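A.B. asks: Residue-level listing of the chains:
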Amino acid sequence: ETGVTQSPTHLIKTRGQQVTLRCSSQSGHNTVSWYQQALGQGPQFIFQYYREEENGRGNFPPRFSGLQFPNYSSELNVNALELDDSALYLCASSLSGTPGETQYFGPGTRLLVL
Amino acid sequence: DQQVKQNSPSLSVQEGRISILNCDYTNSMFDYFLWYKKYPAEGPTFLISISSIKDKNEDGRFTVFLNKSAKHLSLHIVPSQPGDSAVYFCASDTANAGKSTFGDGTTLTVKP
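Going line by line, the protein sequences match chains A and B.
Each number in my numbering comes from the position in the first sequence (counting from 1) with 2 added on.
Each number in my numbering comes from the position in the second sequence (counting from 1) with 373 added on.
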């Protein structure tokens with residue numbers, strides 16, 4: 003069983019650009035969640051996908067969007083990047099989204115917006 | 374309004390002693406509470422969880438205590454080991470998993 007992987011590990015963009023971050027969930031995990039972790043803070047929930055459908059969203063604007071694919075991969079897209087988008091972006095997969103279920107996190111993508 | 378708070382940014386203990394990490398929450402609708410450990414350059418790793426219907430859950434050296442009336446939980450690590458040095462996050466779930474609300478973390482340092 004492979005773990006959760008994310009790419010790229012680091013990324014530098016300029017304000018106004020668009021970025022796509024990628025995540026590969028554990029095989030068989032139908033749920034993927036994305037989190038933003040600013041420096042010195044805990045992860046903040048962006049949104050969750052279950053079987054390729056969005057299944058909940060946190061307090062993030064529409065320029066944050068996502069996709070989940072049948073092969074257990076997913077994407078986080080951010081349009082019109084702002085300086086405050088600089089953070090570590092984590093994806094986490096879980097089997098079915100059952101309450102209290104363990105989430106398995108990837109190592110994250112560190113995004114710097116200049 | 375931060376719904377999950379870890380008021381101690383850091384904690385330092387001696388190897389072999391007990392480490393106690395604390396977490397407070399404000400949302401009485403939380404159903405599950407989880408602790409994650411995070412090493413540098415890695416994602417958080419699940420450590421232990423507790424359902425809101427319980428007041429204690431134990432797994433080896435790790436025990437989580439939940440005081441619902443005080444909206445407080447704590448993680449006890451006994452005995453502490455240098456390898457336990459990491460950032461510990463408290464997180465809470467409502468009925469939908471995968472939407473965890475995290476605290477800002479406590480950095481634990483266990484000195485040999």
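It should be emphasised that the hints constitute simulated quantities derived from the structure, not laboratory data.
Remember, it's a predicted structure, so these values are computed and weren't measured experimentally.
Virtual Cβ for every residue (Gly too), placed ideally from N, Cα, C.
Please note: incorrect hints may appear among the correct ones.
Said to hold, decoys possible - Only pairs whose alpha carbons sit at most 20 Å apart, straight line, appear in this in silico EDC-like list of lysine to aspartate or glutamate:
1. B:Lys444 x B:Glu415
2. B:Lys441 x B:Glu415
3. B:Lys427 x A:Glu103
4. B:Lys429 x A:Asp86
5. B:Lys378 x B:Asp428
6. B:Lys444 x B:Asp374
Unchecked claim - Quick partial rundown of chain B residues pointing at chain A, CB under 10 Å, derived from the structure:
7. Glu415
8. Gly416
9. Ser424
10. Phe462
11. Cys463
12. Ala464
13. Ser473
A.B. asks: Does each hint fit the structure? Answer for all of them.
C.D. replies: Verification of the hints:
no., hint, result
1, B:Lys444 x B:Glu415, "violated, 30 Å"
2, B:Lys441 x B:Glu415, "violated, 31 Å"
3, B:Lys427 x A:Glu103, "holds, 16 Å"
4, B:Lys429 x A:Asp86, "violated, 39 Å"
5, B:Lys378 x B:Asp428, "holds, 19 Å"
6, B:Lys444 x B:Asp374, "holds, 16 Å"
7, Glu415, "holds, 5 Å"
8, Gly416, "holds, 3 Å"
9, Ser424, "holds, 6 Å"
10, Phe462, "holds, 5 Å"
11, Cys463, "holds, 8 Å"
12, Ala464, "holds, 8 Å"
13, Ser473, "holds, 7 Å"
The structure is inconsistent with the numbered hints 1, 2, 4, although it conforms to all the rest.
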